[in-house]
Structure formats: C-alpha cells, structure tokens
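A.B. asks: Spelled out from the first residue to the last, the chains are:
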Amino acid sequence: MADKERVLVMGNQACVLGAIYAGLRFFAGYPITPSTEVAEGCARELPKIGGRFIQMEDEIGSIAAVIGASVSGLKAMTATSGPGYSLMIENLGYAYMTETPLVVINVQRGGPSTGLPTKVSQSDTMQAKWGPHGDYTAITVAPSTIGETVTEVIRAFNLAERFRTPVTVLLDEVLGHSRQIITLPEPGEIEIFDRVKPTCSPEEFEAFAMTPNMVSPMPAYGEGYRYVCTGLTHDTKGFTTNKSEEIAPKMYKLRHKIIDYQDEIHKMRAEKMDDAEVAFISYGSVARAALQATDIVRKAGYKVGALQLQTIWPFPDEKLREMCGKCRAVVVAELNMGQIVHEVRRALPPDIEVHELQRYDGEILTPMQLVNKLEEVL
Amino acid sequence: MAVSLKGKVAIPEDRFEMRLSGSGGQGMILASVIFAEAIGKTDKRNVVQTQSYGPEARGGASKSDVVISENEIYYPKAIKLDLLLTMTQESLDKYYADLKEGGTLIVDTSLVTEFPTDKYFGLPFTELAKKEAGHVMVANVIALAAIAELTGSVTREALTDAVLSRAPKGTEEKNKKAIEIGFAEAAKLKAKKG
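Sequence lines, in order, name chains P and F.
Each residue of the first sequence is one higher than the one before, counting from 11 in this note's numbering.
Each residue of the second sequence is one higher than the one before, counting from 427 in this note's numbering.
Among the hints, erroneous ones may be present.
Unchecked claim - Over the 10 Å line for every Cβ pair with chain F, so calculated as not near, a few chain P residues:
| # | residue |
| --- | --- |
| 1 | Y235 |
| 2 | A299 |
| 3 | Q302 |
| 4 | K313 |
| 5 | P377 |
What the hints assert, rightly or not - Reference listing, derived: stretches of chain F covered by chain P, where coverage requires no fewer than 3 residues with Cβ under 8 Å from a Cβ of chain P:
| # | stretch |
| --- | --- |
| 6 | 455-464 |
| 7 | 467-475 |
| 8 | 563-572 |
| 9 | 603-612 |
The set of hints was computed from the structure by calculation and includes no laboratory data.
Values in this document were obtained by computation on a predicted structure and should not be read as measured data.
C-beta atoms are modelled at their ideal positions from N, C-alpha and C, and glycine is treated no differently.
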C-alpha cells in the first residue's frame with residue numbers, strides 16, 4: 011500500500027476535517043479567537059460538498075441556527091471560545107431538552123469574561139458539564155494532539171447522533187493554534203453513526219417515545235412526521251406537560267439514556283501505568299506535558315505513569331479507580347484553579363493521595379513543572 | 427516523602443527544538459509554519475509547530491516554536507532550544523536564556539545591537555530584504571533559508587516548495603530571490619566561521 015499523504019494540519023483545521031469526515035453539512039458561528047480557523051475552514055470546505063456555512067450575528071444566533079439545522083436532519087456544528095460559549099449556554103439547554111444532536115467546539119482561552127483572547131486555559135471544564143441550568147447529562151471530549159482532534163471530533167459527532175444530545179469538544183488555545191504533520195483517516199476507516207430515524211407511520215409517531223435504550227428515533231422536519239419541539243418539559247409527543255407522571259420519565263430519560271451507557275462514552279489514554287506508583291491525571295494540551303514528564307522521570311528510574319482523560323463528561327469514576335488501583339498517589343494537572351481535581355478526589359478511594367498542580371497565568375504547564383511537582387510526591 | 431530530582435533527570439535528547447521570535451508582523455509564525463511544512467517535504471520526521479502572540483495585529487512579542495523528532499512528540503512547545511532566531515532586541519533579551527549551551531543563535535543584525543554572547547550567527551535580514559530582495563516583507567524567508575543552510579534540516583527544494591505554496595500571488599520572484607540570498611549569505615558566514 012502506498013504511504014499515506016503527510017499533511018501539516020492546525021488543531022482548528024483538524025476540527026473541520028474530523029467534522030466533515032463524520033458527515034458535517036451545516037456550520038453556523040461567529041468568529042472568536044482562538045477558534046476562528048474552525049469557522050474559516052468550514053466556510054471554505056462546506057460549500058464544496060453541498061453543505062452550508064453561515065456567519066450569524068452572534069453566538070446566540072449561531073447555536074440557534076445549528077439546532078434548527080440538526081432538527082432539519084443535518085449534522086451540524088458550531089465553534090467558539092469561552093465568551094461565545096457563555097452566550098450559547100441558554101440555547102444549549104434547549105438542545106439538551108429537545109434532545110437535539112449537535113457538536114460545539116470550545117477552543118478555550120483565559121477568562122472570566124473576555125479574558126485572554128490569545129492565551130491558553132482549561133477553565134471551561136466545569137462549564138461544559140454545568141453550563142445550562144437544570145438536570146441533564148453532558149458529554150464532553152477533549153483531544154490533546156492534532157491527530158486525536160480529528161478522531162475525537164468524529165467521535166463527538168458519533169456520540170451526539172447515538173445519544174441524541176449535544177456534545178462539547180474542549181480544545182485549548184495551544185492545541186487549536188498548533189500544527190502537526192499527520193495522516194488522515196481513509197474513508198470507511200472509522201465507523202460513522204447516523205441518528206436513528208422512525209420507521210412507524212407518521213400517525214403512530216411519538217417524537218420522544220421511550221425506547222429500550224431510551225433514545226427516540228428522530229425524523230427530519232419536512233419528512234412528514236409532525237411534533238412539537240419545545241424547551242418546556244414535554245410528554246412523549248412533545249406537548250408541554252405539568253403532570254408528575256410525565257415529568258419524571260422525561261427527566262429519567264435525559265439522564266439515563268447517557269449514564270446507563272457511559273461505558274460506550276469513556277475513553278482514556280494510559281501510558282506506563284502497568285507498574286506506576288504515581289500517576290499524572292490530565293487532559294487536553296497538559297496531557298502532552300504529562301507524557302513528556304513521565305518519559306523524563308521514567309528514564310531516571312521512577313515508576314510514574316500518565317492517564318489522559320479523552321472523555322471528561324460523564325466523568326469516568328469507575329475506570330479511573332480501576333486504572334489507579336495500584337497507585338499510591340496521583341497528580342492532577344490542569345490550566346485552571348482546580349476543576350477536574352475535585353472529580354478525581356470524589357472518584358478515588360481515600361487511601362490514594364491526590365496532589366494538584368495548576369497554572370492560570372495564560373501559559374501551558376511545562377514538563378519540568380510537572381517533574382518538579384513530583385519532588386513532593388515521590 | 428520528598429525527594430530531590432535535581433541532577434537525576436535530564437531534558438529529552440530525541441528532540442530538535444527551534445524558536446523563531448520577533449515582533450508581531452515580522453512573519454515569525456508564518457515562517458515556522460513554512461519550515462514545519464518543509465520538514466514534512468524533506469523526510470518522515472515528526473513535526474509540531476506552536477505559536478504565541480498578543481492580541482495586536484502588529485507589534486508586541488511574537489514567537490513560534492518548531493519541534494522535530496524521530497519519535498512521538500509529547501510536549502508541543504520547546505523545552506530547551508537547539509536553535510533560536512531573534513529578529514528584535516526584545517526577543518533576544520527575552521529568549522536567550524532558553525537556548526541550550528552550545529545551541530545555535532541566529533540574529534537579525536539590522537535590528538539587534540546588544541549581544542549576550544559572541545557566539546552567534548549574525549545577518550542583517552531586514553536590510554537584505556529591503557535592499558537586495560526588494561521588500562522588507564521577505565526578511566523572514568531570508569532567515570528561513572539561512573536556518574536551512576546552517577542546520578541542514580530541510581532541503582533547499584523542500585523549503586522553496588513550502589515557501590511558494592504559501593506566498594501570495596505576485597510575490598514569487600521576491601521570495602525566490604530571498605531564498606537565494608539566505609542560502610548564499612549563510613554559506614558565506616559558515617565558511618568564515620569555519
């Protein structure tokens with residue numbers, strides 16, 4: 011077989027490549043550093059494959075358009091950074107409630123507010139879980155390399171379609187703005203999941219029907235299946251309800267269609283964990299500093315490993331316990347003032363020490379900062 | 427428990443790390459993208475390029491790192507530089523400490539006047555761009571060609587390919603000229619230093 015073509019790809023462009031591979035046909039967005047190249051790439055590429063790109067008046071309109079496109083049957087995405095993600099939150103809640111599959115790329119920069127447009131951060135980790143009000147279960151994935159950005163964005167679309175829910179992909183400025191020579195997956199190499207469509211007659215159709223896996227088949231608007239799509243709590247037909255016996259099943263469905271199948275969602279990269287006494291736990295760009303630090307201290311003879319969370323939400327409690335089973339201590343490294351570390355503390359048994367290392371000055375943690383932290387831990 | 431890792435851990439040796447630094451608008455980020463692309467056209471090594479800049483379109487410090495390795499590149503930014511290009515005094519002052527002992531320092535002598543060491547390759551990239559190549563804009567390309575000549579990490583053909591694939595229409599000749607100047611001036615410098 012001929013060698014695959016090696017191409018230099020930027021993190022933000024990798025989002026576009028992955029999304030189109032997964033079947034993206036609609037992008038609406040509003041440019042914001044450090045995510046703008048995602049919109050630029052979609053504007054350039056989507057028209058070539060019969061897709062549509064719209065620059066909306068703001069991020070509120072952007073996600074509204076994405077929801078509309080998805081309900082109309084297209085795989086749809088938007089991309090933004092913290093300030094834009096904040097504006098999208100209300101409509102993101104509407105997408106959770108209406109069980110609308112879509113993908114939001116958040117290339118994180120420093121915050122709060124307009125913060126640091128060109129500087130790196132991982133401070134939207136909790137916002138990705140608890141952005142909108144109300145009870146729902148968020149799915150969030152976080153790649154750390156350019157190649158992984160392509161495959162994680164594909165995975166995000168597959169998860170969105172499989173579970174009929176929004177999926178957030180958390181990138182960060184370093185990843186979004188870095189480039190790497192990669193080879194791209196061939197068509198057919200990665201399986202693509204498309205939403206399940208109804209097979210019943212339009213008369214029998216219930217848009218939010220309870221099914222064995224709790225995900226309801228979803229028609230496209232215009233295909234003859236009529237239903238009400240509302241943010242108000244609704245019954246299986248989509249009609250607004252105030253009846254306890256209808257409210258509880260809807261809420262149960264929103265959570266359990268995801269949480270009962272979380273094994274399908276969890277993904278973690280483990281390096282040198284087999285005999286590790288101490289493990290770094292990280293995600294996004296920081297995972298690369300952790301892998302480097304692991305490599306450095308292993309060469310000096312210390313039993314250190316690295317765990318990279320590729321799925322952040324739902325948090326992989328059980329899998330993390332299993333992976334850290336032989337560890338005496340973990341070091342949770344992130345670019346914020348402590349977000350995922352609390353999940354790690356909650357998930358791990360009390361006999362495993364949890365140390366934390368944070369950076370929030372707009373720069374990425376360096377491998378030597380991680381190595382130096384080990385002086386307190388080893 | 428507490429241990430001291432000083433002297434026990436070493437920075438990784440399987441990476442070649444370079445930084446192109448200057449002021450916003452001098453084309454340091456574009457130059458690093460071109461260089462990374464040229465590496466890809468030269469052989470099968472892994473390459474990662476990262477950048478750091480301020481919110482302004484021009485001015486402010488701007489730097490871009492390129493890491494090259496036979497192995498998987500974990501950390502995407504430079505840890506300790508094998509090569510540093512500085513196009514301004516500010517970037518030299520700021521980043522010189524990140525250069526490995528024995529690393530290669532390349533300086534634009536049109537804009538830098540104070541040197542922390544006498545071990546450097548100095549060429550007036552900005553002056554050469556203005557006077558010899560016909561436009562100040564190609565100073566970054568002259569510098570790239572000089573780096574290619576001094577390090578041998580990319581072929582002239584690959585660099586030319588990479589530059590021309592990124593050059594705006596109508597600037598091809600100036601860029602080709604810039605590459606020629608960069609290679610020639612660096613070769614002269616190398617010969618002089620032995």
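A.B. asks: Confirm or reject each hint.
C.D. replies: Consistency of the hints with the structure:
no. : hint    : in the structure
1   : Y235    : 47 Å, holds
2   : A299    : 5 Å, violated
3   : Q302    : 4 Å, violated
4   : K313    : 13 Å, holds
5   : P377    : 5 Å, violated
6   : 455-464 : holds (count 3)
7   : 467-475 : holds (count 5)
8   : 563-572 : violated (count 0)
9   : 603-612 : violated (count 0)
The earlier numbered hints that this structure contradicts are 2, 3, 5, 8, 9.
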